[in-house]
Amino acid sequence: MLRDITLGQFFPGNSPLHRMDPRVKILWTLFFIVLLFFINNFWGFLIYGLFMAFVIGISDIRPRMIFAGLRPILYLLIFTALLNIFLTGGENVIFKLWFLKPTWEGLYSAGIMAFRLIFLVLGSSMLTFTTSPIVLTDGIEHLMMPFSKIGLPAHEIAMMMSIAIRFIPTILEETDKIMKAQTARGADFESGNILRRAKAMVPLLIPLFISAFRRADELAMAMECRCYHGGKGRTRLHVLHLSQVDYYSVPVFMLLLLGVILTRVFL
Amino acid sequence: MIRIENASYIYPESGHAAVCGVNLTIQKGEFVTILGHNGSGKSTLAKLLNGVLLPTEGKVFVCDMDTALEENIFPIRSRVGMVFQNPDNQIVATVVEEDVAFGPENLGLPSEEIRERVDAALRAVDMYAYRKHAPHLLSGGQKQRVAIAGIIAMKPSCIVLDEPTAMLDPVGRKEVMDTVLRLNREEEITVVLITHFMQEAALSDRVIVTENGHIIDEGTPTEVLTKREKLQKARLDSPLATELLENLAEAGMPVDTKIIDVEACVNSICTALGKE
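In order, the protein sequence lines correspond to chains A and B.
Residues 121 to 387, numbered by the working numbering, are exactly what the first sequence covers, in order.
Residues 3 to 278, numbered by the working numbering, are exactly what the second sequence covers, in order.
Derived from the structure by calculation, the hints contain no laboratory data.
Computed from a prediction, not measured in an experiment: that's the story for all the values here.
Where a beta carbon is used, it is the ideal one built from N, C-alpha and C, also for glycine.
One thing to keep in mind: the hints can contain errors.
As the list claims (entries may be wrong) - Some residues of chain A that are not near chain B, with every Cβ distance over 12 Å (derived):
#1 Ile186
#2 Thr248
#3 Pro371
Said to hold, decoys possible - Okay, the calculated beta carbon distance ranges per label pair:
#4 Ser141(B) / Pro323(A): 44 to 54 Å
#5 Ala318(A) / Ala168(B): 45 to 55 Å
#6 Lys319(A) / Met169(B): 29 to 39 Å
#7 Val322(A) / Val173(B): 30 to 40 Å
#8 Pro273(A) / Ala131(B): 31 to 41 Å
#9 Arg334(A) / Ala136(B): 19 to 29 Å
#10 Ser311(A) / Ser10(B): 26 to 36 Å
#11 Asn134(A) / Glu114(B): 20 to 30 Å
#12 Ala131(B) / Leu170(A): 21 to 31 Å
#13 Tyr368(A) / Phe76(B): 25 to 35 Å
All chains, please: the whole structure from these sequences, using the hints.
Structure below.
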């Protein structure tokens, strides 16, 4: 059961979005998120909605999958909306109930906030849906490269991330094995209150940690035996280079920018 | 190819001498097995071969380069590749071909050449069809073959395999041994196999038996594996075929006991029966 967990779901495919360079995709996602905070009315969100529909349309991913990604933030969404409705001060009170005074201004800002959150999640999940973790890491490494001049260990961070991703299934498998072994010895992971269950985790975590350190040690040795010596002088099998899709993405995002500017200025 | 001169290794933490005054020369193209029970110093000996460990006394030379010199370490490691026991703990990437590319990438080769080497290495271990697969979904034998491909993509002249089959099932064990044999015969790669399996030792050109950090016997598989007393001293069992023949000979059957493989054993028994 534990083996099914994946990190940031990725759906393999061959859509223009999948073929896009990860560096470009990461930058556009950041652009998308930053621009989101410049929107101050619902016309802006209408443009964002149209844009999202276009992106989802060309992504080859079933919309149902994408909206399922919104479910975890549902409570956060309701919570922030309620806070906004009741705590935003304003003149136009909708009704009065004891100390609660929801205002029209509050409702408006709750709506803005909710749309922002939704688009934030949709936009960033489009990135993880269409980019495999390893390609994403590669993109992050390249984007961080300029900062390595001021001492940011870009290659090392990327290497750590990709090794972490590589070992997720291995460690999960091991967790499963240790859990079964401890259950066979009479351990009980499922009953009792939170405190009891947390305590029951100790005999699971300790062997897991020990074996993770042992693995790390062996892996480090194996990597050294394969001449690993950090990022210096290292080349790659797959070299990232920009393709047509990346160039076509520029006018599309510029249209989005233009649209948002227009709604801010005229509406 | 590799020359070990009077090398010893003492673990600094425990003061345990795992290798004591070993002299050994490995020729180019040879298939050498280092045989020993657990704790006999065979893995430590293996780690001396490519400078993972440096001998506390004595010298190790790879292609006449001293492993103790810092500047030799990368040339040596690209010539002597190492495959370890646990396939999971030596695979770095999440895609098979990316993992095989790890070594050549570290050597700083241009990406076209990495591509060629990766493809050739995967074909050599018969895993080309799996090049886009995630390693954790492969069987143990397949993973170990990927690990071997990762080494041969660096085009080493020698591969050291440290108990590569210890964690595998019989099918995986056969896959790995077939691959190693083929690399030795066809690609002329020198192979140093560390193992405690007799059947695997029987496939090699030369067998070296270690006990307590010393080399106690050396010779062709047939020579070494049929000396029952010496093997017992090294806490190893004779190959099954040899044991059977020895028991038969003791019982009075006129069979040849200097035999290690099953087929020759069958022939020997048949002729003995035919004589009777």
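So, going through the hints one by one against the coordinates:
1. Ile186: About 24 Å separates Ile186(A) from the closest Cβ of chain B, which puts it past 12 Å; holds.
2. Thr248: Non-interface label stands for Thr248(A): nearest chain B Cβ at 15 Å, farther than 12 Å.
3. Pro371: holds (31 Å)
4. Ser141(B) / Pro323(A): 44 to 54 Å: violated (30 Å)
5. Ala318(A) / Ala168(B): 45 to 55 Å: violated (37 Å)
6. Lys319(A) / Met169(B): 29 to 39 Å: Between Lys319(A) and Met169(B), where Cβ atoms are some 33 Å apart, the hint holds.
7. Val322(A) / Val173(B): 30 to 40 Å: At roughly 38 Å between Cβ atoms, Val173(B) and Val322(A) fall inside 30 to 40 Å, so the hint holds.
8. Pro273(A) / Ala131(B): 31 to 41 Å: holds (37 Å)
9. Arg334(A) / Ala136(B): 19 to 29 Å: holds (23 Å)
10. Ser311(A) / Ser10(B): 26 to 36 Å: Hint violated: Cβ distance 56 Å, outside 26 to 36 Å.
11. Asn134(A) / Glu114(B): 20 to 30 Å: Hint holds: Cβ distance 24 Å, inside 20 to 30 Å.
12. Ala131(B) / Leu170(A): 21 to 31 Å: violated (44 Å)
13. Tyr368(A) / Phe76(B): 25 to 35 Å: violated (43 Å)
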